[in-house]
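J.: Given the coordinates of chain A, work out where chain B should sit on it, guided by the hints.
Single-letter residue listing:
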Amino acid sequence: MKLQDMYQEIILDHYRNPHGRGLREPFDAEVHHVNPTCGDEVTLRVKVDGDTLTDVSYEGMGCSISQASVSAMYDLVVGRSVQDALATGDDFMKLMQAKGDQAVADELEDSLEDAVAFAGVSKYPARIKCALMSWMALKDASARAWGGPAA
Amino acid sequence: MTATAPRSTTERAPLPLDVAAVRADFPILGRTVRDGKPLVYLDSGATSQKPRQVLDAERWFYENVNAAPHRGAHALAEEATEAYEAARATIASFIGGQPDEVVFTRNSTESINLVAYAMSNAATAKEPEFRRYAVGQGDEVVVTEMEHHANLVPWQQLCERTGATLRWLGLTDDGRLDLSDLDTVVNERTKLVTVTQQSNILGTMPPLQPIIDRAHEVGALVMVDGAQSVPHQPVDVAALGADFLVFSGHKMLGPTGVGVLWGRAEVLAALPPFLTGGSMIEVVRMEGSTFAPPPQRFEAGVPMTAQVVGLAAACDYLTGLGMENVLAHEEALTEYALAELQAVPGVTVIGPVDTVARGGAISFTVEGIHPHDVGQVLDDQGIAVRVGHHCAWPVVRRYGVPATTRATFYVHTGYDDVDALVEGVRHAQRFFGVDAPEEA
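Chains as they are written, first to last, in UniProt numbering: chain A, 1 to 151; chain B, 1 to 440.
Rough simulated footprint, nothing fancy, chain B against chain A, three-plus residues with beta-carbon under 8 Å:
(1) 3-11
(2) 30-39
(3) 52-64
(4) 118-131
No lab work stands behind these hints, which were simulated from the structure alone.
No residue lacks a Cβ here, since even glycine has one placed at the ideal position from N, Cα and C.
In isolation and in its complexed conformation, chain A is listed as follows (with noise of 0.2 Å):
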């Protein structure tokens, strides 16, 4: 049942015991981003220490889908050298690219960890940007402290 390929288990678990979910201090970029087409809202701040993303600390709305791809990605890129986390992100844009095809989910099994559990939402157009959005929010916070103030 494709239903059950969208809402796995460890997207579930995420979305209810969602992991580093919180705003925290100090931090050195904080963006707001939106989904304008649903309302969903996630803000979300970036610690940098030299390279390396040392917090990414997160409030936000919405459905189930998009309040777990934060929480599988804060563990995904927390303590990775900013240039690792973004990497990751275009991995996880690639995986909601796939279509569901699950050659492109095992190429990206090791990169993406628990975050390949989304692989069954590319198969659904209208979730997608759900999926993406927190992803979205943390390139958008890294860049902006990249030019921010030095760790």
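T.: Using the frame of chain A, we list chain B on its own:
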């Protein structure tokens, strides 16, 4: 888990429309979606499906008389013009208006923008007769908090262009329009009041008479947004007494790409054009131009002729069913759906919970499940609803919810569709494990 929904005990009033016969006119309702599930279409509020009669009318136009109307003198041009103007008469008659008061636009959104831009163009019009409805600093425009973005953003923009002030009537906690400060919000400075006849998100039908009376008392124009009312209830512009009525063809069984601005003849006559170009002119010289009388003044360029003909066929179809019957049909479904949905623990209806002055748009939330996820589970069962803020973001904000799930009914909707919706909601609760919250 073997839970099955308890059989409905809500009374089913006899429906005025023969649902099976109506459904047979809509080819798309025969298709399946999502691995063979029969389509349950509960999204007519976004756009309606089209009966064969409308599709046939468009095809007839293209196959038999296609030409640009009001141009040329060949046989096809004459017949196309005749078809276009006959359609205008049919559509005018559908709302109790005169043909020369009906302007064709793309949709309600464009109709509203037409008036908003005409009112700011009035300030700089070189013709004194076009300055009557000019808006500027010190003037006020009044909207309501329950408007669709289409009847809000154009007025915010008009105020930004002209220095006028936007004011609005608020909402009550039970989903009604709050008229307690009508006499102060609408005052001597008000130039235009615009209000929906049926909220696309709450279903509320606000009382228009006191608003129209107050607006006219202070010399303001009144626009009624009929995008959700003209398709679903009898509307008579003569009885209504407003100055403008806007509606969209695609929400009333007609084609996309055609909408209507009805305007009182003397008001339209005093408005400068919005879009300019071919066929809206009187005389054109290099130094300047003069303009045709309404409705041509507001119809620049070759119009959406086949779609206008299709919309007339939609009016004929609805007239055949009887708009009183359409209204009563949806009222019966709404009463049933409100009872059935509210019988599901965790479901909250956003908007009036009785059928008094209420149409068939039902927005609701399901505790513990985001509306998108509700919509996704419904979709998986072949049920098409709308989720999100429904282009009425201030309304969801007012009621403190991020979004809602919305079901809307039309002439082909029956009790079975409502049952499918309610069972679908219960299924979503089971899927997300929120059907028995006390055991969590």
